[in-house]
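Undergrad: Chains A and B supply the protein sequences, listed in that same order. With this note's numbering applied, the first sequence corresponds to residues 1 to 297, in that order. With this note's numbering applied, the second sequence corresponds to residues 1 to 349, in that order.
Think of the hints as simulated: they come from the structure by calculation, not from any bench. Please note: incorrect hints may appear among the correct ones.
As the list claims (entries may be wrong) - For each label pair, taking beta carbons as the anchor points, the in silico distance ranges come out as: (1) A:G278 to B:R311: 17 to 23 Å; (2) A:G278 to B:M1: 42 to 48 Å; (3) B:R311 to A:V63: 17 to 23 Å; (4) B:A46 to A:R42: 34 to 40 Å; (5) B:D334 to A:G244: 38 to 44 Å; (6) B:A347 to A:H210: 26 to 32 Å; (7) A:G244 to B:R311: 29 to 35 Å.
Think of the CB as a built atom: it goes at the ideal place given N, C-alpha and C, for glycine as much as any other residue.
So you can see what is in the structure, the chains are spelled out below.
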Amino acid sequence: MPIRAALRSLLMLDRKLLFVSGKGGVGKSAVTASLAIVAARRGLRVLVIGMTEAMGISGHFSVESVGYAARRTRPGIELLAIERDAALDEYIRLQLRVPRPAPTKYLTRALGVLAETAPGVREIITIGKPIYETWRGNHDLVIVDAAPLGQLFSYLNAPRTIADLVPAGGIQHQALQMAETLRDPACSGLVLVTTPEELPTLETSEALSHLAATGPIDLVQLVANRVLAPLEGIDMEMISLPDGPHRAAAVLHASLHAEQQRWLAELPTDTSLPYLFGIRTAGEVTEHLAHIWDAML
Amino acid sequence: MTAAVVVTGGGGVGKTTISAALAAAGAGAGMRTLVVTVDPAKRLAAALGVAGLGNRPTEVAELPNLAAAMLDVTASWEAIVHRHAEPAVGTRLLANPFFRAIADRFPAAQAYAAGEQLAEHIESHLWDLVVVDTPPAGGGIDFYTAPGRMRDVIGGRLLRWLTGANLPGRRALYKVTARPALKLADAVLGGPLLEEMADFLLDLRTLHDGISRRSRAIEQHFAEAGSLVVTTTQPSPMRETLRFFEELPGKIGPPDFVVFNKQLPAAWNGATPLRGAEISSEQRTALRDNLVRWAEEAHRQRDVRQDFITRYGSTPIIIPWREQTPTSVAELVDLIPDVATVLARLATS
């Protein structure tokens with residue numbers, strides 16, 4: 001591993017708030033879960049938050065379901081998933097310091113409509129939760145299985161959007177503080193996950209330019225997932241093999257590897273996680289990746 | 001009579017490729033075929049000639065009978081609004097930031113736009129086969145529930161909390177916005193926003209009858225269309241796929257076709273002896289180790305497929321893992337034999 005990547009890896013778990021994102025299907029929930037396990041093994045108190053959907057992260061921790069209340073899933077790790085209404089209620093009470101009014105349900109429903117339609121409101125409520133948990137300081141590391149890359153920036157930019165939208169006052173102040181926390185590289189960081197294929201590479205590349213231009217958060221690490229090792233000791237062009245599974249498997253591996261290398265060359269990746277052969281469950285993926293991180297970090 | 005197929009599946013499973021291959025198969029069989037793609041890889045889009053094009057179908061030059069279009073959500077919603085609203089209201093709605101937020105970012109709105117395209121192309125009677133690839137954000141099961149959710153949002157849920165059951169006049173709405181709860185909303189969001197929102201809700205409500213009727217027509221098309229789920233044997237896409245069997249609304253029923261993409265030959269066996277090759281023992285070892293790894297993967301895939309068949313009794317279509325995703329019409333045509341069974345079953349149903 002290059003020195004820069006090693007340094008970044010070392011520093012990654014020193015942040016208090018990590019967002020893990022990537023195009024759908026690249027394995028961001030697996031990376032989130034495995035990093036959480038590694039951090040917990042190092043004695044950190046970790047909170048894992050499923051930001052936009054709970055299914056990915058619950059599968060990778062092998063738990064049936066995840067709710068809004070944090071629940072201990074294994075030593076050192078608590079897990080929760082953001083539910084819009086509950087998050088909204090909490091935002092009103094805690095972030096805006098409005099005392100809980102009598103008909104909370106009615107109010108939450110009312111504001112829920114706004115959350116669905118007003119620009120930036122749903123996003124700030126969603127991203128407000130991990131930031132709030134970071135401020136609260138009950139955990140050493142809050143790690144977020146974030147929205148997929150296509151939606152990520154509408155969340156990361158939401159505090160700024162809201163700050164521009166509302167008049168000066170409590171809410172604006174609060175939103176600016178959130179933006180400040182996200183931008184602070186000593187506190188927060190983004191881990192981007194990609195796979196060496198066309199669409200994830202292009203989408204990641206766009207995200208990198210966007211990050212460089214708008215900078216709502218510091219990029220801590222760019223992880224390439226499901227990377228095939230080269231087929232050591234065999235040059236397919238140099239040897240002739242009879243037809244059969246040995247040849248077919250070697251041809252498949254060699255050409256997939258060549259295609260992957262082509263896409264890897266397009267991105268400044270810090271870390272490569274290997275393609276895992278013969279894995280059956282999401283939980284197994286998590287354990288294997290945690291093992292690999294352990295050896296690397 | 002137009003046959004339609006809705007193609008869904010999780011991220012990264014090859015949904016767009018399978019949609020295009022199925023369309024190529026239809027065209028190859030002499031059916032006038034349209035494929036509506038959502039977010040194709042650039043090279044595939046270029047091959048189909050849809051790069052930079054919108055909702056309007058364009059002939060694919062290299063394959064007779066095949067046309068392709070690319071979903072343009074914004075343009076679709078502009079058309080939807082103009083169809084269902086009076087001109088002045090329509091213009092106001094399209095300029096309203098709330099409306100733009102819904103059309104751009106609400107996943108159900110994206111999926112609804114794709115459903116609307118499907119309905120229009122079926123009703124145009126220009127095609128024998130329409131294949132619709134679904135948006136990633138509203139993908140999977142959410143695609144099918146999008147018309148209902150749009151009806152909900154536009155129809156009343158937004159207004160009911162403000163007004164009770166009835167549709168109030170503009171003045172009455174402003175009166176209810178003086179309620180204490182809304183004072184609080186006001187504090188959260190700032191005054192002008194709330195006023196804009198009240199305007200927006202009233203304008204939006206005028207779309208309700210139109211969208212309500214239309215969304216039911218779209219649901220009817222969904223019910224009649226073939227549903228095809230693309231998956232791989234990886235844990236996450238499999239979980240998505242199983243949801244289709246557990247949660248799809250009764251009217252749609254379980255998927256008609258399940259396609260397992262990127263599959264390895266089940267017969268691969270790491271213990272197969274390597275004969276007839278004149279190579280060094282190092283190379284021999286490397287080849288054997290490589291086969292052992294891939295055979296293990298092949299067996300896992302076979303077990304996942306077998307579990308699936310045992311549980312749901314549905315016979316999946318299996319597509320071999322290719323070294324490269326197709327980037328030209330010629331490569332798409334190579335995939336036709338793999339999806340031919342879908343076409344055959346569509347023809348008989």
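Undergrad: Each hint needs a verdict: does it hold in this structure or not?
TA: Quick rundown of the hints versus the structure:
Taking 17 to 23 Å as the suggested C-beta distance range, the pair G278 (chain A) and R311 (chain B) conforms, at roughly 21 Å. A beta carbon spacing of about 46 Å between G278 (chain A) and M1 (chain B) agrees with the range 42 to 48 Å that was offered as a hint. Range check, R311 (chain B) to V63 (chain A): about 21 Å between beta-carbon atoms, so the 17 to 23 Å window is met. Roughly 48 Å separates the CB atoms of A46 (chain B) and R42 (chain A), a value that falls outside the hinted 34 to 40 Å.
For D334 (chain B) paired with G244 (chain A), a C-beta distance near 22 Å fails the hint of 38 to 44 Å. Taking 26 to 32 Å as the suggested C-beta distance range, the pair A347 (chain B) and H210 (chain A) does not conform, at roughly 46 Å. Roughly 33 Å separates the CB atoms of G244 (chain A) and R311 (chain B), a value that falls within the hinted 29 to 35 Å.
Violated hints for the displayed structure, listed by number in ascending order: 4, 5 and 6.
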